[in-house]
Amino acid sequence: MRPGWIARALLVISLWHSSLASCEGEQFDEKLTIKSLRDGKVVSKFTFKTLLKGESPRDPRTLGVDDVSQHYTVFPLALGQILREYAVTELHLTLNAGNWNYDRWGYPEEPGVGTGAELWAWMGDGAQSSIDDRWEGLRNALAGLFCASLGSLDEQRTTSPARSFKPEGDLPDWGIPHQIRHASLPSEHVCTENLTPFLKLLPCKSLSGIASLLNPHRLFDADWHGMSVHVLWREDEGVEVRLSFQSVSDPLRLSLNWSFRTLFDRTIDRTCPVAQSSHVEVTLPTFGTYNINPESTSVAKGHANFDVAIAAKPLDINLQWDGDFEYPAGFDSPLTTLSVQRTLRGSSQARGQLSLVLSNHRGEALHVVYLETMPWLIQFYLHTLKIHINGLLRNDAMSEMSYIPAVPHARPATFQCVLAIPPGGTLHLTIDVAKAFLRYTEHPPDAQRGWDLPPAILTPFEPSHNVSLSYPTHKRIYTPALLVDLATPDFSMPYNVIIFTCSLIAFIFGSVFNLLTRKFVVIQIESSKEE
Amino acid sequence: MIVDFHRENPNAARRISFIEFDSLPFVPIPKPLTDVVLPPSSRSGSSPLVGASPSKRASQLMSSPKAGPSQNAAFHLGIAFPSLVIGRLLLELTSLPALVKDNQQLSSALTSYSNLQEGIYLFRNGVDPYSGGSFRHSPLYLSLFATILPVTGAGSSILWTLCDALGAWALVNIWRARQRVLSSQRDTLVTAVYLLNPYIFLPNLAHSTSSFENTLMLFSLMFASQGRVSAALLSFALLVHLSLSSIVILTPLLLLLLLNPISRLASPKPLRSFGVDFKSLIPYVGEFILYISALTLASTSVSGGWAWIPQTWGASLTLPDLTPNTGLWWYFFTEMFDHFRPFFLMVFSVHLVIYIAPICIKFQYDPLYAAFLLIGILGTFKAYPTLSDPGLFLSMIAIFPEIYPYFRHPIVTALLHLHAALLMPLFNHLWLNQGTGNANFYYASTLVFACSNGAALVDCIWAGLRIAIGADNEGYAVAQE
Numbered sequence: 001m002r003p004g005w006i007a008r009a010l011l012v013i014s015l016w017h018s019s020l021a022s023c024e025g026e027q028f029d030e031k032l033t034i035k036s037l038r039d040g041k042v043v044s045k046f047t048f049k050t051l052l053k054g055e056s057p058r059d060p061r062t063l064g065v066d067d068v069s070q071h072y073t074v075f076p077l078a079l080g081q082i083l084r085e086y087a088v089t090e091l092h093l094t095l096n097a098g099n100w101n102y103d104r105w106g107y108p109e110e111p112g113v114g115t116g117a118e119l120w121a122w123m124g125d126g127a128q129s130s131i132d133d134r135w136e137g138l139r140n141a142l143a144g145l146f147c148a149s150l151g152s153l154d155e156q157r158t159t160s161p162a163r164s165f166k167p168e169g170d171l172p173d174w175g176i177p178h179q180i181r182h183a184s185l186p187s188e189h190v191c192t193e194n195l196t197p198f199l200k201l202l203p204c205k206s207l208s209g210i211a212s213l214l215n216p217h218r219l220f221d222a223d224w225h226g227m228s229v230h231v232l233w234r235e236d237e238g239v240e241v242r243l244s245f246q247s248v249s250d251p252l253r254l255s256l257n258w259s260f261r262t263l264f265d266r267t268i269d270r271t272c273p274v275a276q277s278s279h280v281e282v283t284l285p286t287f288g289t290y291n292i293n294p295e296s297t298s299v300a301k302g303h304a305n306f307d308v309a310i311a312a313k314p315l316d317i318n319l320q321w322d323g324d325f326e327y328p329a330g331f332d333s334p335l336t337t338l339s340v341q342r343t344l345r346g347s348s349q350a351r352g353q354l355s356l357v358l359s360n361h362r363g364e365a366l367h368v369v370y371l372e373t374m375p376w377l378i379q380f381y382l383h384t385l386k387i388h389i390n391g392l393l394r395n396d397a398m399s400e401m402s403y404i405p406a407v408p409h410a411r412p413a414t415f416q417c418v419l420a421i422p423p424g425g426t427l428h429l430t431i432d433v434a435k436a437f438l439r440y441t442e443h444p445p446d447a448q449r450g451w452d453l454p455p456a457i458l459t460p461f462e463p464s465h466n467v468s469l470s471y472p473t474h475k476r477i478y479t480p481a482l483l484v485d486l487a488t489p490d491f492s493m494p495y496n497v498i499i500f501t502c503s504l505i506a507f508i509f510g511s512v513f514n515l516l517t518r519k520f521v522v523i524q525i526e527s528s529k530e531e
Numbered sequence: 001m002i003v004d005f006h007r008e009n010p011n012a013a014r015r016i017s018f019i020e021f022d023s024l025p026f027v028p029i030p031k032p033l034t035d036v037v038l039p040p041s042s043r044s045g046s047s048p049l050v051g052a053s054p055s056k057r058a059s060q061l062m063s064s065p066k067a068g069p070s071q072n073a074a075f076h077l078g079i080a081f082p083s084l085v086i087g088r089l090l091l092e093l094t095s096l097p098a099l100v101k102d103n104q105q106l107s108s109a110l111t112s113y114s115n116l117q118e119g120i121y122l123f124r125n126g127v128d129p130y131s132g133g134s135f136r137h138s139p140l141y142l143s144l145f146a147t148i149l150p151v152t153g154a155g156s157s158i159l160w161t162l163c164d165a166l167g168a169w170a171l172v173n174i175w176r177a178r179q180r181v182l183s184s185q186r187d188t189l190v191t192a193v194y195l196l197n198p199y200i201f202l203p204n205l206a207h208s209t210s211s212f213e214n215t216l217m218l219f220s221l222m223f224a225s226q227g228r229v230s231a232a233l234l235s236f237a238l239l240v241h242l243s244l245s246s247i248v249i250l251t252p253l254l255l256l257l258l259l260n261p262i263s264r265l266a267s268p269k270p271l272r273s274f275g276v277d278f279k280s281l282i283p284y285v286g287e288f289i290l291y292i293s294a295l296t297l298a299s300t301s302v303s304g305g306w307a308w309i310p311q312t313w314g315a316s317l318t319l320p321d322l323t324p325n326t327g328l329w330w331y332f333f334t335e336m337f338d339h340f341r342p343f344f345l346m347v348f349s350v351h352l353v354i355y356i357a358p359i360c361i362k363f364q365y366d367p368l369y370a371a372f373l374l375i376g377i378l379g380t381f382k383a384y385p386t387l388s389d390p391g392l393f394l395s396m397i398a399i400f401p402e403i404y405p406y407f408r409h410p411i412v413t414a415l416l417h418l419h420a421a422l423l424m425p426l427f428n429h430l431w432l433n434q435g436t437g438n439a440n441f442y443y444a445s446t447l448v449f450a451c452s453n454g455a456a457l458v459d460c461i462w463a464g465l466r467i468a469i470g471a472d473n474e475g476y477a478v479a480q481e
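In order, the protein sequence lines correspond to chains A and B. Residue numbers for the first sequence follow full-length UniProt numbering, so the first one is 1 and each next one is one higher. Residue numbers for the second sequence follow full-length UniProt numbering, so the first one is 1 and each next one is one higher.
Derived from the structure by calculation, the hints contain no laboratory data. Where a beta carbon is used, it is the ideal one built from N, C-alpha and C, also for glycine. Treat the hints loosely; a few may be bogus.
Unchecked claim - DSBU-like mimics (lysine-lysine), calculated; alpha carbons at most 35 Å apart, straight line:
no.: 1; chain 1: B; residue 1: K101; chain 2: A; residue 2: K301
no.: 2; chain 1: A; residue 1: K519; chain 2: B; residue 2: K101
no.: 3; chain 1: A; residue 1: K45; chain 2: A; residue 2: K386
no.: 4; chain 1: A; residue 1: K200; chain 2: A; residue 2: K386
no.: 5; chain 1: A; residue 1: K386; chain 2: B; residue 2: K101
no.: 6; chain 1: A; residue 1: K31; chain 2: A; residue 2: K53
As the list claims (entries may be wrong) - Here are the in silico distance ranges between beta carbons for each label pair:
no.: 7; chain 1: A; residue 1: A506; chain 2: B; residue 2: A479; range: 36 to 44 Å
no.: 8; chain 1: A; residue 1: E85; chain 2: B; residue 2: G153; range: 57 to 65 Å
no.: 9; chain 1: B; residue 1: L149; chain 2: A; residue 2: S355; range: 47 to 55 Å
no.: 10; chain 1: B; residue 1: H419; chain 2: A; residue 2: F513; range: 36 to 44 Å
no.: 11; chain 1: B; residue 1: A154; chain 2: A; residue 2: S149; range: 48 to 56 Å
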């Protein structure tokens, strides 16, 4: 009995110790921010942050040897294994639906709001397997994890735009270069099947805490919604995994006032026990008169803060407008300093023109990095690039152009340049493009629908910076995705075409050889002989 | 007409029961030398045709006794040729080129002016144009247009017009060399047939680089006809460098260097009876390989690597760009099953080559005619044709007037060409711009175009062989064995 008792005691002690140790090494925070927009819509953003303290990403040079074993308590193991397997230093995956309206909604809190799926990762070089191999493995693994068609983000979609996608965290100083891989798939549709694996990565799933508000019926009904996974490393903190869900819902459709009930059709009934902090932050509207219930824990800098841990359950925060909702004066004026419009013009299925209109709403000149990652379906004619500022031809407004031409069936084009827009001016950029003719097997099943082209990305500079030294901010602006109508062959008749062409060639070949191989003879016609 | 013919030519054979080519009477011809001034009286009065039975119509097409060669030359050089070229130049300087620049019948992926401009733009901005997929022009174009040649504006209009003017001049010189005259009344007609042929004229307006290829083709044939070996081989090496499939013409070109361009269609005879020495071909082939290697090395040093080879030569073998054109390849390989693609690419490439030997053997006594027929094959079957490829074949018919009476179905061929020429732009527009037609419309019109090219080819082969029998006779019919 005695040895058994000691063994059991030791086991309990070791378990307690290990759980204590892991709780020390890991930290989970959750937060919900809700903000009323000027047009009455409500933007809500869920953030679930897990921190592995003191950990660092895997050095790609150790990929050949066995990895250290991974024991996590709240850190998502499924994601952690993928990160270790492919030695990913920084990773950003976003799955969005809808177009973010910058002019009305301002900059989003999570900058990655491009339509469809977007994945970008920073990886160290120097492993036995190349970065491209690991990138392929990474996207396939994430495709499996999130039930999304990320496997289609193949080399035909992959680019390396290091300038517009600076690492958000730090890159370890291993003495090896780090490289970025970026790919986007605007035709990817986000749905419940992507949310379920997303919730599985949370320690409390959607059972308690803020995550219990993630009700797919309401989230996917929103005007704009998107989920994102961010993995980054900070030298002084460790590896951080940030899962977030943003949505723009329209309570005006139901009633003017909003509450957890009307937005999510749920309330917070329990706190998540492993969460170190669990907050709801409501940005107080700067217009109209309203009431917020229940009483907030604290109010600071125009934000009402609710601590879910101490708030009375069930927590159902609601905002009531006094009287009718009134649009604030000038609610239609753009909230951002830059308005972007991007269109593909021309009705021909062989040629077209890409047009970009940038309007600077500020009293100062604005510099933006303009990035196009265009699949080879659209081929740029850069020699036709023209820039008009307020109607005058000003090709000198473009500088620091870099261009990697597309390779058919293999690589997209990467076009990047810096555009300078004068104060209050409008810049109009046009490029002639050629549309590709595809093999019939390359067309998707609904070929007549056309192809979605990834959004262009504009990164404004801080204008005080020197242009050549300045560092683009994280405020990326994604244009809406474009749809291109490519010429389609007739899908029903490959055999007919093969038969027709081969018959014609055989016919001409036969006629030619008939003439070349047979002799000419003169024949006396019988009738004339008789005469 | 046949009765008229026999009234005028009492010595012509009236009864030929059976003729083999070997047994046809052959008239020995003196070695032609274009630099020898032939007395006007001996040339202008008599028909320059040699052989069994020159037709009346053919002899009417020759220079008439009334106008002397000096007058012909004066008229041709002083009035006709400049006015044709100036007319073309004036059209070039209008807004027409911008209108037809991207027309898919006028320029292919390999010859497109837009792609050329794009490549030069990239080259000037420090981007390797061969690292991308769209630029498929030779590095020689790149270096010339990036440095000395104008690529935009009036300069390029003048350049392209000059290119066609030189082509017309070369065609006239081939005609003169074939007829062994210094000038003839037909010169103006030959020039006009080249400069006013819409199949040649429109691609030139679109600034397609196929105009340069046509001119080089005519230059190599002209030099070969004039017996200038090095010049012929150099211009042909340039041509092969710019368009790989033109290598098909190499064999007749070498034969032309051994022989001469004089028409022997009416008196076929085996090549061995001319006493040609095939061993003398070895230095020619060596010289050609030398030129090609020099051009390849020059291109490699200009573009800074070998990446241009798969982009330019490789494109005509692997067909990476499926943009519609007038040929047979694009839709076939659009609709081809992926696992059969390499096989059929091989078949289509080899198919171009299999015509060389039979045509060169059959027309061994007239290599210029063999080259002409192979140009027709190229225009019908090559990978990235434009209208100027069949256009060259059709314009070259002008220098073979002796075959006109023997065409098999000239009306049908002409109507087929008219039909295709009207349908192709119409159906292309309906499919890609209007959206009321689909790909099959345009594909069908390219099939008609291939039929018309095939019909023209068959007509010319038929006429080239049939001429040896002579004119039709009452009570007798010519048939194939």
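For each hint, the structure was consulted:
A distance of roughly 62 Å separates the Cα atoms of B:K101 and A:K301; the hinted pair therefore is violated under the 35 Å criterion. Our distance criterion of 35 Å between C-alpha atoms is broken by A:K519 and B:K101, whose separation comes to about 47 Å. Taking the CA atoms of A:K45 and A:K386, the gap is near 40 Å; set against the 35 Å cutoff, the hint is violated. As the CA atoms of A:K200 and A:K386 are separated by approximately 50 Å, the hinted pair breaks the 35 Å bound.
A distance of roughly 19 Å separates the Cα atoms of A:K386 and B:K101; the hinted pair therefore holds under the 35 Å criterion. For the proposed pair A:K31 and A:K53, the alpha carbon gap of about 19 Å is at most 35 Å, so the pair holds. The hinted window of 36 to 44 Å between A:A506 and B:A479 is violated, with their beta carbons roughly 23 Å apart. For A:E85 paired with B:G153, a C-beta distance near 58 Å keeps the hint of 57 to 65 Å intact.
Checked against the hint of 47 to 55 Å, the pair B:L149 and A:S355 fails, with Cβ atoms roughly 32 Å apart. Remark: the range hint 36 to 44 Å for B:H419 to A:F513 is contradicted by a beta-carbon distance near 26 Å. B:A154 and A:S149 have their C-beta atoms about 52 Å apart, which keeps the hinted 48 to 56 Å range intact.
Violation of the numbered hints given earlier is confined to hints 1, 2, 3, 4, 7, 9 and 10; the remaining hints are satisfied by the structure.
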